[in-house]
Structures are given as C-alpha cells and as structure tokens.
Amino acid sequence: GESVGLHLPTLSVQEGDNSIINCAYSNSASDYFIWYKQESGKGPQFIIDIRSNMDKRQGQRVTVLLNKTVKHLSLQIAATQPGDSAVYFCAEMRAAGNKLTFGGGTRVLVKP
Amino acid sequence: ETGVTQSPTHLIKTRGQQVTLRCSSQSGHNTVSWYQQALGQGPQFIFQYYREEENGRGNFPPRFSGLQFPNYSSELNVNALELDDSALYLCASSLLPRGASKNIQYFGAGTRLSVL
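Protein sequences appear in the order of chains F and B.
Take this note's numbering: the final residue in the first sequence is number 112, and no numbers are missing along the way.
Take this note's numbering: the final residue in the second sequence is number 228, and no numbers are missing along the way.
Please note that a few of the clues may not be correct.
Now the in silico label distances, taken between C-beta atoms and shown as ranges [said to hold, decoys possible]:
no., chain 1, residue 1, chain 2, residue 2, range
1, F, G83, B, Q129, 34 to 44 Å
2, F, K68, B, T126, 47 to 57 Å
3, B, Q129, F, N18, 43 to 53 Å
4, F, E15, B, T126, 24 to 34 Å
5, F, G41, B, F181, 22 to 32 Å
6, B, Q153, F, N27, 16 to 26 Å
7, B, G140, F, S12, 22 to 32 Å
8, B, A192, F, M54, 41 to 51 Å
9, F, D31, B, H122, 32 to 42 Å
10, B, S119, F, E15, 33 to 43 Å
11, B, E165, F, Q81, 22 to 32 Å
Here are some of the chain B residues that sit facing chain F, going by a computed Cβ distance under 10 Å [as the list claims (entries may be wrong)]:
no., residue
12, Q118
13, P120
14, S145
15, R169
16, F181
17, C203
18, A204
19, R224
Quick caveat, the hints were computed from the structure, so don't treat them as lab data.
Predicted model, so just to flag it, every value in this text is computed and none were measured.
Backbone N, C-alpha and C fix where the C-beta goes; we use that ideal spot for every residue, glycine too.
Go ahead and model the full structure; you've got the sequences and the hints to work with.
Next comes the structure, spelled out in structure tokens:
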C-alpha cells in the first residue's frame, strides 16, 4: 500500500547541534519527495525537495538524502536554531500523480 | 508568506450543518489541492482542482465537494457535518502540468473547523 512514515515522533536537540529527521516510504513508484516544516498555527512550509534520480540535495543549512534501495530519506539541519522548532513532514508524490502523501510528522524541540 | 490565503481562519459548526471554505491561490498558479489535517497527524489529500475540474480525489465521501473558479480560487464544501470532520483544512496551490520544472505545492495557513 502507499504510506510514508516517520521513525521518531519527537526529536530533542541542543541549539547549535545538527538534527537528522528520518522518513521511510513504501511505494516504489514514488519519484518526488518534499520536506515541509509546520509551525504552530501555520500551514506547512516548503523546505526542500528531491527527485528520485538524485540521492542528495542541499539547501541553506539543510540537506536531504534519498536511499531508494531501502526506501528511506532523511533531512539534516545544520547548526539547529530555536527557530527550527516545529513539526517536520516528509511527503511523496508519484510520477503520474498529483497528490502529496504525508507521513505523521516529527516534532523537533531545540533546547537552549 | 506563500501568497495562498484561506478564509475563514476559524469556524464552529454543529453536526448536520454545511460549511464552505475558501482559498485564493498564489499568483501564477492554476491548481488548488485541499487537505484535511487532524490534530497530531499529517495532512490527508481530499481532492485537487485544475482548470476548474476535479483532477484527482482522495478517500473522502461525496459530501466533500469543491469548485474552482476562472481566477483559480477554490471552495471546499462539506455537507452533513460529522464530529470527525473537526480538523485543520489546508489548501495548497501549484502550477500544472508537471514537467522538468518544480511542482511544489505551497500551503495556506488553513481553516480550523470545529464541529460540535
């Protein structure tokens, strides 16, 4: 079936440390993946995306890694800041699809 | 800010009533997708509208319906409200058709619906 799952519901990280958020997906037809950040009272905010023909993509302080062999992707946040505290969702879309399938989310708590 | 606006921000209804939620898409976008987000969960796809027609639907009953207007704004209508319909309703705008360019969906802040 189609599903996108997160390994940990909550991640507590010290300010300044790196954060790694993991996500597993089950559908081999998924070819496009997006990470969203959702702060309290707001809608999901686009962070970074990656297509299945890539295994790594970098943005500002963020890196997404995709391992198609084990159907796993991760989001790495460098030098985590208090403003990074939020719920992070991975989402996937299939090649001919139009809908995003979201995982359950990981809450990141940044400790001062 | 994504440029996607939703109204109202909050709404309280009673079971059995009908509700209409509204969404204005980002400038230059022609597609609107609607998602339902229950508390503590990820958003779930309801349906998508492209060129004023439904372009895909998730696992939601027919009492969830929608419209898209020539200016690409959209409405989500829910009839015969049930308690389980209480959720955050999100709309996202994007540009179709998909191609080599990105097809990122940009979300609004959502409408919080409470059904009593």
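How the hints compare with the structure:
1. G83/F - Q129/B: 34 to 44 Å: holds (39 Å)
2. K68/F - T126/B: 47 to 57 Å: holds (48 Å)
3. Q129/B - N18/F: 43 to 53 Å: Given range 43 to 53 Å: holds, Cβ gap about 48 Å.
4. E15/F - T126/B: 24 to 34 Å: Given about 45 Å between the Cβ atoms, the range is violated.
5. G41/F - F181/B: 22 to 32 Å: holds (27 Å)
6. Q153/B - N27/F: 16 to 26 Å: Given a distance of about 19 Å, which is inside 16 to 26 Å, the answer is holds.
7. G140/B - S12/F: 22 to 32 Å: violated (40 Å)
8. A192/B - M54/F: 41 to 51 Å: Holds: the Cβ-Cβ distance is about 45 Å, inside 41 to 51 Å.
9. D31/F - H122/B: 32 to 42 Å: Check passed, 37 Å falls within 32 to 42 Å.
10. S119/B - E15/F: 33 to 43 Å: holds (37 Å)
11. E165/B - Q81/F: 22 to 32 Å: violated (43 Å)
12. Q118: holds (8 Å)
13. P120: Violated: closest Cβ of chain F sits about 14 Å from P120/B, beyond 10 Å.
14. S145: Hint holds; S145/B Cβ to chain F Cβ min 7 Å, cut 10 Å.
15. R169: holds (9 Å)
16. F181: Hint violated; F181/B Cβ to chain F Cβ min 19 Å, cut 10 Å.
17. C203: Check passed: Cβ of C203/B comes within 9 Å of chain F, closer than 10 Å.
18. A204: holds (8 Å)
19. R224: holds (9 Å)
Going through the hint list in order, the structure does not satisfy hints 4, 7, 11, 13, 16.
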